[in-house]
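Kindly generate the complete structure, drawing on both the sequences and the hints.
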Amino acid sequence: MLIRLAWRNIWRNKKRSIITITAIVIAVFLAILMRSMQLGMYDNMIQNVVGSYSGHVQIHSNGFWEEQTIDNTFEYNASLIQKIKKTEDVAGTTKRIQSGCLSSYGDLSKFVFVTGIEPEKEQLLTDWSKRLIDGQLLQTNSNSVNVGKGIAKYYNLKIGDTLIFIGQGYHGMQAVGAYPVSGILDMKNPNLNNTSVFMSLPKAQDFLSAYNLMTHLVINKKQYSEEADIVAAIKKQLDQDYEIMSWQEMMPEIETIIQADSAGGLIMIFILYMIITFGIFGTVLMMTQERKYEFGVVISIGMKKTKLMIAMVYETIFLSAIGILLGIALSRPIVLYFYNNPLEFPSDQVENDGKSRF
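Numbering-wise (this note's numbering), the sequence shown opens with residue 1 and increments by one.
None of these hints come from the bench; they were simulated from the model.
Okay, derived cross-link-like pairs now, DMTMM-like style, lysine to aspartate or glutamate, Cα gap no bigger than 20 angstroms in a straight line:
1) K304 - E294
2) K85 - E118
3) K15 - E294
Across the chosen pairs, the derived CB separations fall in these ranges:
4) M34 - I317: 18 to 28 angstroms
5) Q240 - M274: 45 to 55 angstroms
6) T22 - L124: 44 to 54 angstroms
7) L343 - D229: 27 to 37 angstroms
Glycine included, each C-beta is placed from N, C-alpha and C at the ideal position.
Pasting the structure below:
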């Protein structure tokens with residue numbers, strides 16, 4: 001009976017109820033859109049930087065992350081790879097070897113990172129064909145290199161031009177080579193675009209005199225799984241010769257940016273909800289003042305004050321529930337649309353934003 005009474009009471013003054021419900025709808029609608037945009041930006045950032053290149057988890061030789069030199073490599077071990085692949089939530093693995101060296105073309109020179117990759121397995125992380133701006137992607141036995149678009153712009157490179165590389169190989173061996181450019185890539189990150197040179201893994205191992213060695217074993221996770229669980233599971237299987245790191249450990253600045261920005265968004269939502277809460281409270285207060293005589297009559301015919309209070313609470317719950325459900329219903333099509341058709345920002349804007357973050 002109290003529920004039916006509360007439902008009828010909220011429609012006795014339709015104008016007041018509609019105004020209150022509208023305020024709640026607007027608050028919920030804006031909060032959902034704002035939060036969805038934030039979370040979408042975070043997912044996109046993580047996918048561009050983590051899921052599409054660094055991987056969610058990496059395994060290195062112990063001490064490599066503190067001193068990233070070619071001498072801190074570890075040997076390829078088939079049993080190690082099998083252990084990792086059998087770990088729950090691991091989608092795939094790929095090997096890499098990376099070292100810094102000096103590149104040269106004409107009268108110009110630039111420090112770059114030469115990375116040896118397994119082209120086919122890299123497809124587990126991302127669709128490299130979407131990154132290709134010009135030329136061809138690497139194959140397993142390619143004798144050429146792919147470079148980031150920042151390097152291509154710096155040297156004014158064209159497909160077929162030859163880059164010279166000079167560096168230090170494994171255990172002090174000299175690393176010198178000249179390789180034609182077969183492809184130019186957009187890595188979606190200005191730092192990677194300006195420093196990345198990719199070779200096939202066998203060619204990079206030969207260039208660095210690091211045969212059967214690697215610096216990174218990159219692990220891609222299954223969807224909806226947690227990096228921390230994968231790290232914990234792998235640590236149980238491996239000895240102290242390896243370090244296992246999640247992307248949060250390797251790139252804490254990204255995690256910090258996300259947490260700080262997320263906290264700001266939550267504060268804005270909290271303020272918005274507080275404003276609406278006070279609005280609802282004001283509405284309930286006005287309803288109470290306007291209905292003094294009504295309450296007096298109801299109490300005089302035998303209704304207990306506690307039941308009257310419960311009826312008022314039901315009215316507030318009904319108003320809030322209607323507003324929340326309508327807000328969700330109105331925001332859902334918009335959220336789904338932008339989920340399937342994400343906004344595309346100009347490349348200059350993305351790169352400027354990336355320079356301040358990574």
